[in-house]
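A.B. asks: Line by line, the protein sequences are chains A, B and C.
Going by the numbering used here, the letters in the first sequence line up with residues 378 to 709, in that order.
Going by the numbering used here, the letters in the second sequence line up with residues 626 to 942, in that order.
Going by the numbering used here, the letters in the third sequence line up with residues 27 to 500, in that order.
Please note that a few of the clues may not be correct.
[Stated by the list, open to error] Ranges of calculated distance between the beta carbons of each label pair, as one might list FRET restraints:
no. : chain 1 : residue 1 : chain 2 : residue 2 : range
1   : C       : K194      : A       : Q565      : 32 to 42 Å
2   : A       : I600      : B       : Q695      : 47 to 57 Å
3   : C       : M254      : A       : S489      : 24 to 34 Å
Keep in mind the hints are simulated off the structure, nothing from the lab.
Using N, Cα and C, we set each Cβ at its ideal position, and we do this for glycine too.
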Amino acid sequence: MASFEETGPRTPVVEPTRVDKVHPRAKWGKSIRVILTVIVTFIMIIPVLVMIMTAFKSRANIVTPPPKVLFHPTLEGFLYLFTDRSVLSPSNLEAERANPGDLNYWQKLALSVGQKINGPSDYVGRLKNSVIIAGTSTVLSVILGLFAAYAFSRFKIAGKDDLLFFILSTRMLPGVVVTIPLFLLYKQLGWNDTHIGMVILYTVFNLSFSVWLLKGFIDEIPIEYEEAALVDGYTRLQAFFRIVLPQAVNGIAATTVFCLIFAWNEYAFALMLTSEKARTAPPSIATMLGSGGLEWSAIAAGSLGFLIPVAIVTFVLRDYLLRGVTFGAVRK
Amino acid sequence: MSASESEFKSPSTKVRQRHLSNSAIVNLFIWPTLLLLIMMNVFPLFYSLYLGFTNYSAIAQKAPVWVAFQNFSNILNDKNLWQYFATTGRYALMSVSLQVLVGFGLAMLVREKFKGGGILTTLILIPMMISPVVVGLFWKLMYNPTFGFFNALLGFSDPSRSPDWLASRLAGQPVPGLALFAVVIVDVWMWAPFVMLLVLSGLKAIPDYLYEAAAVDRASSWFQFWRITLPQVAPLLLIAVLFRTIEAFKSFDLVMGMTGGGPGVQTELISVDLYRIAFLGQFRTGMGSALAYIILIIIIAISNLYIKYLNQSKGEG
Amino acid sequence: MFKKYAFALTIIMVMVLSACGPAATTAPPAVVATEPPAVVATEPPAVVATEPPVVAGPAVKELTILWAQWSPADYLQQIGALYEQATGIKVTVVQEPWGSFGDRFNVAMAAGGTEWDMVVGDSQWIGQGATAGYYVDLTDFMKANGIDKSVTPATLQYYGEYPTGSGKYYGFPTEGDADGWAYRKDLFEDPANMAAFKTKYGYDLAVPTTWAQLMDIAKFFTKPDKSMNGVAIYTQKDYDAITMGFENVMFSYGAKWQNPDNTVEGVVNSQASIDALQYYRDLYDCCQAPGLNNAFYTETNDAFIGGQVAMTMNYFAFFPALANPSTNPFADVTGYFANPAGPTGVRKAALGGQGLSVISFVSPERQQAALDFIKWFAQEDIQAKWAALGGYTCNANVLKTEAFLKATPYNPAFSETMTFVMDFWNIPTYAALLTPSQNYLSAFVVGGQGTAKEALDSIAAEQTTALKSDGVIP
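Input sequences plus hints: build the corresponding full structure.
C.D. replies: Shown next, in the form of structure tokens:
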């Protein structure tokens with residue numbers, strides 16, 4: 378011990394050292410671990426790969442056995458997704474094919490599948506709505522949830538358990554049945570089919586989850602830090618912002634991702650409480666009806682496109698998600 | 626406010642007068658949340674409760690008529706509904722336990738830092754990011770015994786001898802419960818990453834000195850897992866289990882897209898039946914509200930159990 | 027302390043909102059009440075009886091029609107554009123995806139909504155629309171303008187009339203639809219197949235004229251090792267598909283859903299019905315393509331497109347996809363036929379389709395404008411245009427014209443089918459009657475549980491309960 382104090386470690390310790398694991402087998406174990414993770418990850422995302430393939434397949438290729446991995450790709454799925462078309466009756470189709478005139482790539486593609494483009498579909502508009510509504514509600518629910526979680530975690534509050542349970546119970550009632558009272562309530566408030574109505578709704582639904590989750594994370598942060606800070610003259614608020622917040626980043630990132638995913642993919646309320654102006658994308662993606670059935674390629678293309686913003690947010694936050702809470706300074 | 630105070634001032638009376646008192650902070654932090662929740666949830670909750678005692682139908686243009694407990698007795702006496710509850714219970718049990726196993730396993734794999742770990746973790750999280758309705762639809766495609774990928778990847782090339790998952794048949798013979806298991810597989814695929822993420826956060830918070838101390842005491846790996854890893858991860862794990870169980874009871878989008886409750890009633894979860902009653906043409910809003918409240922009570926009972934465990938594991942007794 | 031405040035706030039909130047909440051639903055009843063005929067009789071006929079519209083309020087410049095999101099709605103929009111050219115009134119067809127069409131419409135009507143002037147509603151909604159007062163009574167209007175005679179009797183009865191046999195109409199038959207079949211002509215006309223079939227069954231391989239022949243053909247073409255199956259029939263449990271599929275056989279066997287007095291015991295579970303159900307189950311067991319245990323229009327079409335079946339059952343509305351070579355690789359060799367006959371020679375087909383109704387919540391001027399549109403739309407030349415665009419007209423004359431029959435490969439079968447369509451219930455209770463039917467049919471046919479008799483007995487019992495609790499039967 379004496380020698381350690383005098384010389385100290387020469388190189389910064391990057392990896393957590395384990396007394397029982399400096400065996401060379403450890404390195405091997407690590408490689409196996411990495412390989413295993415890669416394999417497992419691949420298995421997990423095979424269905425997503427199938428979806429990606431489906432987005433580029435023609436209808437016949439999708440439903441003809443046996444399942445094909447090699448196929449002739451087509452952009453039909455995206456055509457169905459981004460445009461509003463009408464199916465041409467055979468006589469009209471012949472007429473159009475005889476005199477095509479000047480057509481761009483998409484119009485030609487539409488003609489080749491017997492349809493005619495009427496204009497852009499509302500997918501992009503819906504996507505925008507999704508971004509606004511889901512993004513705003515996530516930010517709100519995380520912020521409000523953070524404050525509430527901190528208060529519940531650090532202070533004695535009368536009826537704390539009951540309040541927490543009340544907060545949790547808001548998530549328990551099946552959405553299907555709350556729809557009609559909510560519809561009536563919104564009609565009274567004039568919030569039907571408005572952005573603000575949906576933002577408030579999603580914020581409220583996510584609040585129960587964010588309060589509980591963030592409380593769970595904040596509980597893990599040793600209270601001794603703040604006590605030390607208070608002794609040093611910090612105010613409660615300062616302690617919150619300067620000490621607790623940085624350590625809760627992991628929890629905040631995880632909560633943000635989950636709340637965003639929920640609000641982003643929410644389907645039932647979006648269906649019932651919106652129609653034209655504030656409708657988000659999920660209701661329209663799942664029901665893309667082609668001329669004789671569900672348009673699988675459009676659904677795949679739409680879902681993938683819809684998935685990308687969330688994936689980007691998660692990717693950006695990944696370091697925070699995987700970061701460990703600082704430990705070791707306080708021994709209990 | 627006092628955010629600009631210098632950090633080295635000792636707590637003088639002057640400072641104390643200018644910052645928020647503890648109770649002010651608590652009020653400020655909690656009330657916005659509570660107000661929002663009360664406003665948006667109390668009315669639907671109470672109105673639904675009221676409707677549960679009526680025979681109201683949202684599309685009948687007639688005012689709600691009070692029928693007291695008739696809805697509730699109809700539900701509780703209907704043996705079909707008890708079967709749906711049992712199915713839902715089985716589904717929740719299978720799904721959540723598998724999610725925990727797989728999620729925990731994934732977390733243990735990913736806990737050590739390595740190059741590309743961030744990307745792989747993001748990829749693993751992708752199943753969670755897809756809309757449940759779409760997941761249901763696509764897995765229905767994948768489970769198709771002739772042109773679906775699932776059987777092909779498992780090595781079944783002959784459709785007549787491979788399992789028809791969503792029809793609960795294997796080579797033509799009925800295998801009851803197969804469809805439910807197929808739905809469980811999809812649910813686990815979607816949500817194990819959720820459990821993984823929470824468990825991972827818990828794992829990362831475990832101080833290494835605990836392991837070092839255990840190693841010095843020559844503790845076995847199993848002992849380390851059982852006595853160090855698990856207790857530290859328990860709070861977050863239980864939160865994950867709590868929310869996943871609640872969601873399993875409410876689970877509806879996924880099942881509706883894949884099987885619609887069939888074959889027969891093998892995958893008729895209680896929330897699918899609720900949707901049928903409350904919408905899908907029947908629009909028996911009163912009955913639906915009553916059923917929803919029964920589901921709510923069951924969920925509350927189960928949640929209470931979990932929360933007890935949660936508090937125990939945190940030492941709050 | 028918090029609990030006290032929260033509780034007080036809660037009580038206040040609940041009282042305030044409860045005062046407002048139910049009002050939203052009780053207000054319309056005050057207007058529409060429980061006697062829709064009385065209300066309806068006072069408003070629209072007053073407007074309808076006078077032919078030259080009495081323009082009381084501001085002239086109506088635009089109309090909205092709600093429909094599901096599919097191609098026929100696009101065609102109706104094009105018809106609407108023609109109307110705008112003719113009269114200057116802009117017609118907009120609002121399209122709502124099928125999955126939410128019904129729910130959205132019902133929820134809006136429950137709140138007395140006036141977002142749309144007209145709706146093209148399912149045939150099964152007529153009872154609901156009439157008794158709850160959403161739909162304007164069109165009887166006098168249609169009779170005065172001869173519209174009731176312009177469409178085939180079967181379509182008028184099922185897309186317009188409520189109650190059945192009463193002669194009161196609430197919808198104008200717009201989009202006719204029924205179940206039919208598509209088949210692989212190349213397989214049927216292949217000489218090797220024809221020879222083998224004749225050897226095995228003793229008669230020529232051709233479009234089946236009876237259900238028994240259909241079963242033979244299906245069995246003949248079921249060769250699992252070659253990834254080929256006989257049929258793709260409806261089995262979906264979610265809403266109404268398996269009941270509709272079964273209906274095709276049930277009606278053709280001479281069975282029906284109810285007596286004229288609406289009782290079902292002995293009718294739903296009659297011997298003919300039992301035989302029909304056994305047939306449907308046998309057909310599923312022997313010849314249904316794998317993976318089609320929850321099949322509706324998408325799956326049956328997909329099975330055909332994937333080359334897995336020789337014959338597929340589907341609504342005519344979905345056959346354009348099969349006739350389209352870029353969707354269906356077999357389009358050029360796809361033929362269509364109407365339902366074959368039952369053992370007693372009866373031919374029936376399950377009805378789909380929708381009728382155009384006027385919403386009663388909009389102002390009288392708008393209702394009149396809507397009626398004017400319907401009058402214009404019902405004209406024969408407009409109906410011919412509607413058919414040419416792809417709409418499935420119900421106009422009796424247009425259905426017989428050469429132009430129509432030649433327009434698409436499935437029109438002849440469609441034209442034939444529209445003369446023998448038959449429907450499920452259309453009273454407001456229909457959804458509660460559909461549920462046991464779906465449950466037990468699916469359990470028996472797909473799940474293999476119980477016997478045909480048991481399934482139908484259970485359906486009859488539960489339907490009787492539902493009918494009794496709604497006061498339809500004593």
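A.B. asks: Going through the earlier hints one by one, which of them does the structure break, listed in rising order?
C.D. replies: Failing hints: none at all.
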